[in-house]
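What follows is each chain in one-letter form.
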Amino acid sequence: MSDREIDLQLVERVRDGDKQAFGLLVEKYRRKLLRLLSRMVRDQDEMEDIAQETFIKAYKALPQFRGEAAFYTWLYRIAVNTAKNYLAARSKAMPTVSSQSMGDDDEPDERLVAHDNNTPESELLSKQVAIAVNEAVEALPEELRQAITLREIEGMSYEEIADYMGCPIGTVRSRIFRAREAIATKLRPILGTPEDRRW
Amino acid sequence: MMQPAPHPHPDDETLSAFVDGELSDDIAETMIKQLSSNAASRARLTEYWAVGDALRGLSGQAPDLTQRVMAVLESEPTVLAPRRKQHTRQPTLWLAAATVAAIAWGLWQAVPRTPSEALMAAAPSTQHDNVMPYLAAHQDFAQAMVSTSEMQFTPVNLAEAGR
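Chain order of the listed sequences is A and B. Residue numbering for the first sequence follows this note's numbering, starting at 8 and increasing by one per position. Residue numbering for the second sequence follows this note's numbering, starting at 559 and increasing by one per position.
To be clear, the hints were calculated from the coordinates, so they are not data collected in a lab. Every residue, glycine too, gets a C-beta built ideally from N, C-alpha and C. The reader is advised that the hints may include incorrect statements.
As the list claims (entries may be wrong) - A few chain A residues facing chain B, derived, Cβ under 8 Å:
1) Met8
2) Phe29
3) Gly30
4) Phe62
5) Ile63
6) Asn92
7) Tyr93
8) Arg158
Here chain A stands alone, though its shape is the one from the complex (with noise of 0.2 Å):
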């Protein structure tokens, strides 16, 4: 099953009434989420507070999804407009920023952008997490770093990855559990156990 199946299975399951499966879905994607609401939002705390409006929104409008794009792509737009709906509301509020129409396209307008206050404990976090997945990537035997690496970042399957290292498709299974649950094993203590963030 691929991984656009799997989303829409999720969102039948929340659709059935089974809110846990809209937690994995917020799970899933709220880190590329709040990647995009970066580049339009740089004060910390609003792009949370888009985030969450954001998923909040989409949970309400999942009876309208049709399934027709992939979920990432609905919530992408539901993200970008409650964004621009956002800065729109705050150059009304702020007089030294002149109001304007809003395009169509996604790119958000500079003059719209917050300026940056990343809070100091949301920068320490991301370079902890970049130093402890380094040195995890790192400290891994090569043939497992070599297949999480094809995985996660090339975005190759299983059977080309087991292509381009001349080796059995259950190998590669095993080689990529291995080096997740390594690195998994060095965030743990950074993001926290999972028993500190159940939802």
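Since the structure of chain A is already known, use the hints to place chain B on it.
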């Protein structure tokens, strides 16, 4: 000797393959159902997503965003929508059916349906004048044959009615 109970939860390697979209449909569907009731598997799954995002340079900011969203959703009514059937759309089939229907409708409109209609359609307008005396005579005769004192007939002006 007791048989060991089957493990109700997916193993982590299967979860890892699930993250990569490398499971068969039936196994993936089973896993999705299990995830709803298995917090430990959900937590492990989110760790694997975090690993992938970290490798792609996506930072770990707003780690509590999911909890915040879920807390808000607790007060929201559950989304319940009719399940949509997963079916493959076949626009070419619909297009062909619509074309056939349009042609059939056109033929229905163009071709006379009975021989009498064909004659009527083909009759020249001058025939109208030849028929009028006959119809006028028939109207007078029919009224004379069946009418009683209670019956009130209104003679039709055939010349105007025929226009």
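Hints and how they fare:
1. Met8: 4 Å, holds
2. Phe29: OK, holds: Phe29 of chain A within 8 Å of chain B, min 7 Å.
3. Gly30: With Cβ-Cβ at 5 Å, under 8 Å, it holds.
4. Phe62: Where the cut-off is 8 Å and the nearest Cβ of chain B is about 5 Å from Phe62 of chain A, the hint holds.
5. Ile63: 6 Å, holds
6. Asn92: 18 Å, violated
7. Tyr93: 16 Å, violated
8. Arg158: 6 Å, holds
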